[in-house]
Amino acid sequence: MQLYSPLSTTPKRKAVRAPALGGIDGLRIGILENGKLNAEEMLNEVAALFVQHHGCTVRTLASKKNASAPAPSNTLVQVAQEVDFLITGLGD
Amino acid sequence: MSTTASFRTHEVPDDLLAAIDYCYDQGWTDGLPVVPPVVARVKAMLAADGRPADTVIARHPATGLDLSLHAAAVNAVMAGCLPEYFPVVVAAFEAMDKPDFNFHGSTASTGGSAPLLIVSGPYAEEIGMNADVNLFGPGNRANGTIGRATRLILRNVFQMLPGISDKSTQGNPGKYSFCIAERARGNPWPLLCEAQGYPKGTSSVTAYAGGGFCNVENHGGNTPEQILGSVADAMANYGCITLGQAVVILAPEHMQIVAGAGWTREKAQAYLFAQAKRSVEGMKSVGKYRDREYDTQHGEGAHALAAKGFMHRGLGPDDILVTMGGGDAGGHSCFIPSWSRGRGSIMQHSAIRAEVK
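Those sequence lines, one after another, are chains R and P. To convert a position in the first sequence, counted from 1, into the working numbering, add 6. To convert a position in the second sequence, counted from 1, into the working numbering, add 408.
Please keep in mind that the hints were generated in silico from the structure rather than gathered at the bench. Treat each hint with caution, since some may be false.
[Unchecked claim] Once the Cα atoms are required to be at most 25 Å apart in a straight line, the calculated DMTMM-like pairs of lysine to aspartate or glutamate come out as:
#, chain 1, residue 1, chain 2, residue 2
1, R, K71, P, E701
2, P, K608, P, E674
3, P, K696, R, D31
4, P, K765, P, E534
5, R, K71, P, D508
6, R, K42, P, E701
7, R, K70, P, D462
8, R, K71, P, D505
9, R, K20, P, D474
10, P, K765, P, D574
11, P, K451, P, D429
12, R, K20, R, D98
13, P, K716, P, D699
14, P, K692, R, E46
15, R, K20, P, D574
16, P, K716, P, E633
17, R, K70, P, E534
18, P, K451, P, D574
19, R, K18, P, D703
20, R, K71, P, E419
21, P, K675, P, E689
22, P, K692, R, D90
23, P, K575, R, D31
24, P, K575, R, E88
25, P, K506, P, D429
26, R, K42, P, D474
27, R, K42, P, E602
28, R, K70, R, E47
29, R, K71, P, E633
30, P, K451, P, D433
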């Protein structure tokens, strides 16, 4: 008996992780805030810990209007040029 | 677009029960047994559309995964669909693929919504769909399997896997299947497909991210205000009320009272919107009022709407879909809340590409 696969036939995208940072002392932080309740407050608190303990600087606060949609690619491209790492997350 | 694409197959023993177990082992099911998608049945399903099998009808915005007609047909077979149901499955995903439906968000979210499909027009009767007794319950193959095919496609094609990419806190039973037909028999209002502007004879599917099911019982009311007042109260209970859209399916008994008094769909929508509200103070008392939320939904400057002291269900009467369904006996209508408006899910519809014989 021959069964067809029910999965998508889209070729798998090559997803590659960014290389791990050698250290975080003194690096530039970006914050991607997703519009959910408390997200901005929570992310600012997390960023403050990086500033306090590792001498990082907060360079960018980016926002997206819809928490359930991917961040627009132009937002990510712009942020990537300005920061060394980005933090994001839910706050509710 | 190539028409010569090859599609992956799996060789299994010629044993039906073993094939069912094989589908379980592959993680292809919703927890219930599926019909093994043998080649002949998939080809018969595809013949009901007629376009090339690799035609893409929907794309997942987060992963880029495509839904081809072929993959849709495989999952429709697994769900137990007959070929004549396939145009409804296809139309459902053509509706859900519209960006404003946001099927990624509504499926992935903790909110736990499921795509409610409302089939309107002559094709529903053509394929034997149920618009009558036990409307949302089991017993009708078309209703049950079209809704189930939708879930299997979300799972298998778009990889919306419970606990991994589907993070519903509690989910809802509609995640197995959530598909009804609009009742045409005795319906005093234009059918949805007509109201949506499709040509006469064209049927439609409306897709809506439904967050559950709320029965509205009223056996004593005998005016439109009494019947719709009880519906509006369900729409505005503290647990359900948001700025999201609403679906209301009026039982025939209730519809007789509402339309019998001369009320149109538009008048019913306006009444429901006006009545389905909570005071800002009340919303604050349960911790659900967010200052300036109207602004983010309507645009800058809309704060005056909430400043009047109330928040309504939805942003206006058009946010409420109202039609008729269910059996002749019983004062039981229903309200189905939506998934998040703020996350961007708005109901969508699409034409069914099939002729009524």
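**Request:** Please flag the earlier hints that this structure goes against, numbers listed from lowest up.
**Result:** 3, 7, 10, 12, 17, 18, 19, 20, 21, 22, 23, 24, 25, 26, 27 and 29
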